[in-house]
Amino acid sequence: MEDALEKKEKPILSVDNLEVVYNEVILVLRGISMNVSEGEIVALLGANGAGKTTLLRSITGLLEIHRGKITKGSVSFLGEKTNRYDPSRLVRAGLSQVMEGRRIFAELTVEENLKAGAYTVASRQKIAEAHDRVVGLFPVLASRSRSTAGYLSGGEQQMLAIGRALMTSPRLLVLDEPSLGLAPLLVQQIRDIIETVNRQGTSVLLVEQNATMALSIANRGYVLENGRIVRDGLSHELLQDDDIKEFYLGVGEAGRRSFRDVKTYRRRKRWSA
Amino acid sequence: MEQLLQGVFDGIALGSRYSLIVLGFVVIYRATGIINFAQGGFLLIGAFLTYNFSQTWGWNFYLSLFLSMIVTSIIAILIQLLLLHRSLKEITAGGFCLLIWSVSFYNGNTHLVSLIIGLIAGVFIYFLVRGLEIRFGSSQSNELPIFGSIIVTIGILFVIKQVVPSIWGFAEINMGDPWGFKIIKAGDLVFTHAKLWTIALTAIALLGFFLVNRYTKIGIAMRAAHFDHEAAFAQGISLKVVFATAFGIAGAVAALAGTVTGVGIAQLTPNMDLIVFLAFPAMILGGFDSPGGAVIGGVIVGIIQNLTKVYQPEWDLHWLGVGFDRVMVFIVMLVILMIRPYGLFGTKEVHRV
Numbered sequence: 000m001e002d003a004l005e006k007k008e009k010p011i012l013s014v015d016n017l018e019v020v021y022n023e024v025i026l027v028l029r030g031i032s033m034n035v036s037e038g039e040i041v042a043l044l045g046a047n048g049a050g051k052t053t054l055l056r057s058i059t060g061l062l063e064i065h066r067g068k069i070t071k072g073s074v075s076f077l078g079e080k081t082n083r084y085d086p087s088r089l090v091r092a093g094l095s096q097v098m099e100g101r102r103i104f105a106e107l108t109v110e111e112n113l114k115a116g117a118y119t120v121a122s123r124q125k126i127a128e129a130h131d132r133v134v135g136l137f138p139v140l141a142s143r144s145r146s147t148a149g150y151l152s153g154g155e156q157q158m159l160a161i162g163r164a165l166m167t168s169p170r171l172l173v174l175d176e177p178s179l180g181l182a183p184l185l186v187q188q189i190r191d192i193i194e195t196v197n198r199q200g201t202s203v204l205l206v207e208q209n210a211t212m213a214l215s216i217a218n219r220g221y222v223l224e225n226g227r228i229v230r231d232g233l234s235h236e237l238l239q240d241d242d243i244k245e246f247y248l249g250v251g252e253a254g255r256r257s258f259r260d261v262k263t264y265r266r267r268k269r270w271s272a
Numbered sequence: 000m001e002q003l004l005q006g007v008f009d010g011i012a013l014g015s016r017y018s019l020i021v022l023g024f025v026v027i028y029r030a031t032g033i034i035n036f037a038q039g040g041f042l043l044i045g046a047f048l049t050y051n052f053s054q055t056w057g058w059n060f061y062l063s064l065f066l067s068m069i070v071t072s073i074i075a076i077l078i079q080l081l082l083l084h085r086s087l088k089e090i091t092a093g094g095f096c097l098l099i100w101s102v103s104f105y106n107g108n109t110h111l112v113s114l115i116i117g118l119i120a121g122v123f124i125y126f127l128v129r130g131l132e133i134r135f136g137s138s139q140s141n142e143l144p145i146f147g148s149i150i151v152t153i154g155i156l157f158v159i160k161q162v163v164p165s166i167w168g169f170a171e172i173n174m175g176d177p178w179g180f181k182i183i184k185a186g187d188l189v190f191t192h193a194k195l196w197t198i199a200l201t202a203i204a205l206l207g208f209f210l211v212n213r214y215t216k217i218g219i220a221m222r223a224a225h226f227d228h229e230a231a232f233a234q235g236i237s238l239k240v241v242f243a244t245a246f247g248i249a250g251a252v253a254a255l256a257g258t259v260t261g262v263g264i265a266q267l268t269p270n271m272d273l274i275v276f277l278a279f280p281a282m283i284l285g286g287f288d289s290p291g292g293a294v295i296g297g298v299i300v301g302i303i304q305n306l307t308k309v310y311q312p313e314w315d316l317h318w319l320g321v322g323f324d325r326v327m328v329f330i331v332m333l334v335i336l337m338i339r340p341y342g343l344f345g346t347k348e349v350h351r352v
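Protein sequence lines correspond, in order, to chains A and B.
Residue numbering for the first sequence follows numbering that gives the first Met the number 0, beginning at 0 and increasing consecutively.
Residue numbering for the second sequence follows numbering that gives the first Met the number 0, beginning at 0 and increasing consecutively.
What the hints contain is simulated information worked out from the structure, not anything from laboratory work.
The beta carbon of each residue, even a glycine, is placed where N, CA and C say it ideally should be.
Among the hints, erroneous ones may be present.
Examples of chain B residues lying across from chain A (beta carbon under 8 Å, computed) [what the hints assert, rightly or not]:
| # | residue |
| --- | --- |
| 1 | Trp196 |
| 2 | Leu200 |
| 3 | Ile219 |
| 4 | Arg222 |
| 5 | Ala231 |
| 6 | Gln234 |
| 7 | Gly235 |
Pairs of lysine-lysine, DSS-like flavour, derived with a Cα cap of 27 Å [claimed, not checked]:
| # | chain 1 | residue 1 | chain 2 | residue 2 |
| --- | --- | --- | --- | --- |
| 8 | B | Lys308 | B | Lys194 |
| 9 | A | Lys68 | B | Lys88 |
| 10 | B | Lys239 | A | Lys68 |
Pairwise CB distance ranges (calculated) [unchecked claim]:
| # | chain 1 | residue 1 | chain 2 | residue 2 | range |
| --- | --- | --- | --- | --- | --- |
| 11 | A | Lys125 | B | Val211 | 21 to 27 Å |
| 12 | B | Val122 | A | Lys125 | 43 to 49 Å |
| 13 | A | Asn82 | B | Leu127 | 42 to 48 Å |
| 14 | A | Asp191 | B | Gly154 | 53 to 59 Å |
| 15 | B | Leu195 | A | Ser144 | 39 to 45 Å |
| 16 | A | Tyr150 | B | Phe126 | 52 to 58 Å |
| 17 | A | Lys68 | B | Phe135 | 16 to 22 Å |
| 18 | A | Ser144 | B | Ala170 | 56 to 62 Å |
| 19 | B | Gly322 | A | Ser144 | 48 to 54 Å |
| 20 | A | Arg145 | B | Ile183 | 49 to 55 Å |
| 21 | B | Leu195 | A | Gln188 | 57 to 63 Å |
I would like the entire structure built from these sequences, with the hints used as guidance.
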């Protein structure tokens, strides 16, 4: 496993022993190390409150406005230490994100949403190229470019959110729960799109509660619990792991049959306290 | 009938001033969440700058107006950068710097010496407050809350209201506009040049604003930031630029509003900023966060005020008192608030329980 992890070239994103505190009292991340290499899809799994979103915020520079602070460790993007970068600078450097809950600008039209995504791009030609690429990925956005974004369906809004993030032609795309609240068919569609984006040369960091979906496209995965990384490995290894099966994929533990067993179900163990 | 039309026309001319003032409020509110009480101060600065350029220095009036708009918007941006969205220690230090500066100046020092003393005092206070914060635990946020910033804008208004008369005096002065008492007659209707130009200049400024707001990059960024601060920030939209642009726009429209308010004989006084309080109902009527609502609200308020003025003596309503036209505006505002609490065009706030 070790050399499988090392086989890719140097990481474009690396998080080193990161510790994050909110409001100067609440310790949320307790020493996290992870990395994303060029061209990879990396999944980040974990239950509610495990610290996934906090980890993303420290990567994308949104920690400060949530009164969080990196107290130890570092985040580096493309070899540069980015602990204190603001999102504007990170976006210019090539890191783009799709926030949890889509967060599209509902009062603006689809077209304006895409333009707002390209705010940091100065050259008109680059914007046009990115626009063509986004429209190629999401033809539905082209057909609805003049309608108010708030009137799109949930799936279309998610596509718009991803399209908006792609307008800067990022090196790394960070997605927070893209499958949240979508029908299974749409989840499939989003999954395929993420794969396509990745094939076009963008690395992806995918945060998901839908572990099946995430591991089905990711090269590697990390499991986050209580602010620590408790498991990491190649996707197919994680998919085979009994604990992961039980905790995140909802299968396993043979022998449980009746409803009563399910009702009194307790996790056998936690990986960390 | 002529009387009604005349009343409506004059009302629109009055209302377009309100529209400009309210637009300044709304633009800043949308971008930063602050209600900028210093807007009246910007109005004064703009009006007196136009006067200074066109009368004292003898430049062309329209050129003066244009320059005044630019200078006022630069001043507004500087005020935003230096005094708003700052932490407690910075604001306190800045306040003390100004205080010591003025005390020292009035005790006979030159401006330069006073400034240096003020700066030293400011730096001292900064480190004092910081020391106290470290000693006793700071408030977690390193930025003043919105409410604090609103109070700071009131302070800025007072400072401007002291600085402007100290330069241009307290007397009522003539703006020296090129319009004078020239009129155009159409039947029994009388259109004064001053009012026609007020409406025209307002229309141009508003058109410019709406084009910028709709089609330019910064306009889209401003609307996006208004809708969702954090998501806009995450997309790389610089909130600092958005804030500064909002103040710049507010300064420019305030300068125009001040100038068209100050035209005429002996209309330009340091108390002119009180018109801002008459514009408040327009803002509430139109909706706090809607620029289009600001314009329409302003015009409605202007028309209501003017028609009340025209018809009050006509219908023998003297007993309602002098200046009832201004009260009438607030009555209409109350009625509209009963029907639509968020204003005619404002966003209805939905709170999830």
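Exercise. Quick check: which numbered hints come out false for this structure?
Worked result: 1, 2, 13 and 20
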